[in-house]
Every structure is written in structure tokens, then in C-alpha cells.
Amino acid sequence: MISFFQQYPEYWSDWFARLLLGARVSAELSLTGFALAAVLGALLAWAMKSPSVLLKRLAVFFIQGMRAVPLLALLLALYFTLPSLGLTLSGYWAGAIGLGLQGSAYVAEILRGGLDSLHRGQRESAIATGLTPLQAFTSVIFPQAIRGMLPPLLNAYVSILKDSSLCALIATDELMLAARAIASESFLPMHIFLLVGLFYFVIAFPLSLLSRVLEVRFSRGRKTIRG
Amino acid sequence: MSSPSDTALLRVHELHKNYGDLEVLKGISLELKPGETLSLIGPSGSGKSTCLRCINYLEKPTSGEIWLGDELIGQVKDGKRLRLMSDREMAPQRREIAMVFQLFYLWPHLNVRDNVALGPIKAQGMPRKQAYELADAMLEKVHLRHKAEAYPEQLSGGQQQRVAIARALAQQPKVILFDEPTSALDPELVGEVLAVIRELAEEGRSMIMVTHEVRFARDVADRVIFMDGGRIVEQGPSAQVIDNPRHERTRSFLGRMAVESA
Amino acid sequence: MVNLQAFLGLLPLLLKGAMNALQIALCTLVLASAGGLILAVLLTFSRSRLVHGAIACFIEWMRNVPALAHLFLIYFGLSYLGINLPAWLAAIVGLSLVGSAVLADTFRAGLQSLHVGQHEAGQAVGLHRLQILRYILLPQALRVALPAYANYVTQLIKDTSIASAIAVPEIMFLARNLVTSTFQTSLIYLAVMCIYAAMILPIGVGFIRLERHLRAAR
Chain R
14 MISFFQQYPE YWSDWFARLL LGARVSAELS LTGFALAAVL GALLAWAMKS PSVLLKRLAV
74 FFIQGMRAVP LLALLLALYF TLPSLGLTLS GYWAGAIGLG LQGSAYVAEI LRGGLDSLHR
134 GQRESAIATG LTPLQAFTSV IFPQAIRGML PPLLNAYVSI LKDSSLCALI ATDELMLAAR
194 AIASESFLPM HIFLLVGLFY FVIAFPLSLL SRVLEVRFSR GRKTIRG
Chain H
23 MSSPSDTALL RVHELHKNYG DLEVLKGISL ELKPGETLSL IGPSGSGKST CLRCINYLEK
83 PTSGEIWLGD ELIGQVKDGK RLRLMSDREM APQRREIAMV FQLFYLWPHL NVRDNVALGP
143 IKAQGMPRKQ AYELADAMLE KVHLRHKAEA YPEQLSGGQQ QRVAIARALA QQPKVILFDE
203 PTSALDPELV GEVLAVIREL AEEGRSMIMV THEVRFARDV ADRVIFMDGG RIVEQGPSAQ
263 VIDNPRHERT RSFLGRMAVE SA
Chain A
31 MVNLQAFLGL LPLLLKGAMN ALQIALCTLV LASAGGLILA VLLTFSRSRL VHGAIACFIE
91 WMRNVPALAH LFLIYFGLSY LGINLPAWLA AIVGLSLVGS AVLADTFRAG LQSLHVGQHE
151 AGQAVGLHRL QILRYILLPQ ALRVALPAYA NYVTQLIKDT SIASAIAVPE IMFLARNLVT
211 STFQTSLIYL AVMCIYAAMI LPIGVGFIRL ERHLRAAR
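For the record, the sequence lines run as chains R, H and A. Just add 13 to the spot in the first sequence (first one is 1) and you have the working numbering. Just add 22 to the spot in the second sequence (first one is 1) and you have the working numbering. Just add 30 to the spot in the third sequence (first one is 1) and you have the working numbering.
Wrong hints could be hidden among the right ones.
[Stated by the list, open to error] Quick partial rundown of chain R residues pointing at chain H, CB under 8 Å, derived from the structure:
(1) Gly134
(2) Ala141
(3) Leu144
(4) Thr145
(5) Pro146
(6) Gln148
(7) Ser152
(8) Pro156
(9) Gln157
[Unchecked claim] Residues of chain H clear of chain R, computed beta-carbon distances all greater than 10 Å:
(10) His35
(11) Lys48
(12) Lys102
(13) Tyr154
(14) Arg227
(15) Ala280
I should point out that these hints are in silico values taken from the structure, not numbers from a laboratory. Backbone N, C-alpha and C fix where the C-beta goes; we use that ideal spot for every residue, glycine too.
Work out the full structure: start from the sequences and follow the hints.
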């Protein structure tokens, strides 16, 4: 056991620098993916709320499809098949778009659930006061809905961060690929993969914790709200 | 009975509302004069709440017209034909017609003062400082000035409804609609809300009130309209309709209410 | 554009991959359900802080680290320690550990949703603790947990694709081999997505039926 850990100091500076570089790419990649997921998810949620049956069906179809396909299949398809259609994406962008597409299905459900959780009287009273629908949304609906949406959105980001590790399989230079490279050079896979796990954990765990804290706090407030 | 007059503030003309095959309103026409308090009574399912919600187009009428002064509500000329306004187009008109809901619908994320001031700030573009002064003045009217910093969840139901009334007043509306303002309240809290409404009536505000409180309608309203089955059955000065109803259906409804409240 | 003959030629191999994926998923589901249930029961009824702390650490580690890292750790890492698991077994072990953590949270939420009165009523009619758990608490808790459980099952089937990274011959792995030998890239990935959808969509429908059935049975 002791000898296991004695390996770390020897390689520490080399490993740490390379993993940190990979972690930075992973963070950027996951944030880009999450931003895409947020924008597309908002559009999908809006489409599901729209009076147009066609738009609603398309949104539902897209969401169902995204939930039925593994991210890895999506990533490989984006990375390997788009070039034959004349569109070549780098591993990074194929990864970000894949994460965004799949994430958008989850984000859309979160947004819709958050908006549906409000009583329709909240919107009615806002427009009855003379607010425009946009004002009603920004001053009354959204500030309330975001409380319920924030914890699951944080969880969605954590999922995207973890899923971004799959981008290693389409040659994106992120954290997991850095770990694999080190592992195959050093022949110390156990050490490396424990360490890389720790890297992910250090980013993901505080966010998961925050999500739980917010959920408890907001649900406490929610119970006493009337009307 | 009610001939169109130039003095009417609000005119409802031949209002129809269908939900699919179900006809909820079968041609309602009524008028509200400036400074008048009008009470709509009737059994549940008679269409009185629907009628009220049609007046500010929270419910879209199937046909009919609502006039506020010489302004047609909820519809706009598009070429030669009339079409429904969008909620965005309607915002300025809804400012003129305030509404107090049965379930208050205060905004739980805002404190009491912000609940009252949001409309003036957003819909009227009033500076925040001025809107807060207005809000405090309106809260004074409903005797809740001291609760300005509180959040809705910290208030009793009666206090919440009084805040909702202050919110309606802050719109500086021409008409206030009350949709069964006391029917969600515990009995001991009804009085404080009715007292506030009575003060508003005495100030000469123009109001239409859907209510179950027949005795209150008799004391406070200038006129009472009795609705049943989507039609106006009887209307007139409140004392006359409630004490000496002419129509059989009015009589049996009022009889039932008297038994229940006894 | 889509060559039907080529498509049909690819299909048998991909379907074989699908069968392998389903076998891995099924083994994982059994192990993860058992593991999750045991952890959830321990979390609900144990008063030992050590037990709580250890389980919490396990759950957090499993849930905040990518599944791919777990698979690499078990497949490559353990072989460094002299434990050589075949790839398919490493995949099952890794996915089961992750699944236990996910389902432990799911089942615990189900158990916690029950009113204490349920437990007390069980005691009052003279049942001992295991009987209360078996006959009163679990049947209700599992019903509450059903939608989340359904989500887990669909996620699990998708996650079997990650096993391709350690050369388990499931759909994704076979598909990638096919791509390098046939260059029918778009066709193959399209077929892969259709196969996954064909496995996953019926599960969603099945769980909705089951939920409706259970609600009706009440």
C-alpha cells in the first residue's frame, strides 16, 4: 500500500501539469456543450409550449430521439460521418456539439418542468396588471421558476462534464485522453486513473453538493407559498 | 331595461362564450356607470366568473364586444375586419381594468411593496422611487403599510387579499374587477377584506364584483345582476333585486343562500 | 443512396453486438439493483456513522466520476495489480458499481418518501423489522422509485456503449470495426442509432404501462 503511493512523488510534476492542461480543455468543452444545451434546450422548451402542433411534435420527436441514442454513437457519427457530407469538425467541436445536442433534451425537460410547476394564476395576475407577456416572463415567471430549475441544471452540467470524457474516444485532447496517454507511457494505469478520477471528482462534487443544498433551501421556501 | 347610454364607463355587448359545444355565456349585455359598484350574483356554473374574466380578455369571448369608454377592448381593426389582440397588444388596456383574483395570486418571490409597485414600474414606466411611494400609499389604504417589507407567505389569507387589492389600486385603473374575493378565505378573515372593498365603494370607484356574499352585495353595491345558466335573469338596484326579487329563479337562489348563511 | 443490400449485410453482426450489449445490461441491472437496495436499506435503518460515511463516500465517488474512468480503473488498473478481468466482466463490474450508487439514491428517496406511520403501523401489528421492510416499506418505496428506475434502465443500455472503449464486442465496438473494414460510415452509424432506439424506446413505453397498471391496481 505504501509503495503504491510512493510512485506519485516521482512523476508528480509531469503528470499534474499534463492532467491540468487536459482538465482545462474538459472544463471548456463541457461549458461550451452546456451553453449549447441551454440555448437549444430553451428553444425546445419554447417549441413544446408553442400553440403549433407541428413544432410541438418536432420538439418531442427530437427529445425522444436524443434520449434513445448513446452519446458515444452521436459523437462518432458527428466526427466520422459529417466529413463525407463535406463538413469536417475537430474532435473538440464534434464533442461540444454532441454534448450540446444530447444535453438539450435534458435541459428542455428541466425548463418545461420548472415553468409547469408554477400556477397559471401567476401569469394571469401579471398580465392582468398590464404587464406584457415578455415582462410577465422576466419579472414574474422566470424569477420563480429558476429556483426550481437551478438544482437540476447544475446536475445536468455535472452529467455533461462527466460525459465529456467520452470525447477522448474521438481524439479530443481533454482530461481522459491525457490520462490514457500517460497510462500507456508509464505503465502505471492504476495510479493514473485514480488520479484522473480525483480530478473529475474535485470539479463535480462541489457542484453536486451545491445542487443539493439549493434544492433543500428552495423546497423549504416552496412549501409555505400559497396561491 | 338598460338602454345604451353615453354616460356608461364600461359596456358589455352581447357577450357569448363557448367551450366546445358547451355554451357558458348566452349573450350578456350590461353597463357600468362611472363610480358605480355592480355586483354579479348567481349559482355556481351560472357564468358570472367567466363573464368577469371575459371583460379583460383573460378568457377570450366567442363573440361580443367590451367597450371601455369609446375604446373597444381586446379587438383591433385589421384592414376591414376585427381580430383579437395579442397579450402584448392588450397590455395597455389591461392596465385600465384591474383584477382581484379569488386566490390572490400574489408573486411569492417579491415582497409586499414590490408586489404592488411592479405594475406601475413595468407597465406604466414609473420611476422606482415614485412607484414605491404610490405602493406605500395604496398599502395605507388597505391598512397594511406596516407589512410592506413582508413576503406574501408571511401574511394571512385576508392580508394577502388586501395586498392584492392594493396592487390593483396601484394600477390606477378605471375599473376594478373582483372575482369572488372572499371565497377562498377562512370565515374569520372575510370581514377585513369586505371592509376594504366597502371603503373603495364609498370612495366612488367603479367596480364589478362577483360574489357569494349576498348580504354584502345588498349593502355595498349600487346595482345587482342575477345570472343563471349563462343569461342575465334579473337586474336592478341592489335592495330591490335582493329584497324583492321579481323572478322565480332569483327568489329560489336567494332563498337557498339565506338558508345556508343562517 | 442507402444501399439496402449493404445494410442487410451489416445487420447480423450489429444485432449480435446488440445481444451482447443487452446481456451486459441485464447482468448489470441485477447486480446494481441488489447493490442499490442493500445500500438504501442500510442508509435508512443503520445508526452507525461509519456505515453512513462509507456509503456516502462510495456513492459520491461513483456519481461524480465518469463511468469511463471507472471502467479504465477496473480493466487496466486491476491488471496492474495482477487481477486480469476479461473485458466483459470488467464492464459489468464497473457499470454495476456505478449503478449501485445511482439506485441507492433512488431507492433511498423512495423509502424516505414514506411516512413514519407506515413503520409504526407495522410494529403495532407485531411484525419484526425485516417483515416490515419486506411487506410494508419496500413495496411502496419501489413504486415511488419506479420512474427514476426506468430512467436508470434506459441510461444503462446507452452506457453499455462505453464498454467498447475496453474492447467489449458490443454494438459500438463492432460498428467501429465494420467502419474500418467497409467504410460505410454513415450507414453503419445510422443503423447503430436505430438499433439503440429500438432497444430503448420500448422500455420507456413498458415502464409507463407498468406504472399505469400499478396505479390501477391500487
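Okay, the hints, checked on the actual structure:
1. Gly134: 4 Å, holds
2. Ala141: Status holds, d = 4 Å.
3. Leu144: OK, holds: R/Leu144 within 8 Å of chain H, min 5 Å.
4. Thr145: Constraint on R/Thr145 satisfied, holds at 5 Å.
5. Pro146: 5 Å, holds
6. Gln148: Holds. Min distance 5 Å.
7. Ser152: Cβ of R/Ser152 sits 6 Å from chain H, so the hint holds.
8. Pro156: Holds, because the Cβ-Cβ distance from R/Pro156 to chain H comes to roughly 5 Å (cut-off 8 Å).
9. Gln157: Because about 5 Å separates R/Gln157 from the closest Cβ in chain H, which is inside the 8 Å limit, the hint holds.
10. His35: 22 Å, holds
11. Lys48: Non-interface label stands for H/Lys48: nearest chain R Cβ at 25 Å, farther than 10 Å.
12. Lys102: The claim holds: H/Lys102 sits with its nearest Cβ about 26 Å from chain R, beyond 10 Å.
13. Tyr154: 16 Å, holds
14. Arg227: 17 Å, holds
15. Ala280: Consistent with the label, H/Ala280 stays out of reach of chain R, its closest Cβ about 31 Å off (over 10 Å).
Hint compliance for this structure: every hint is met.
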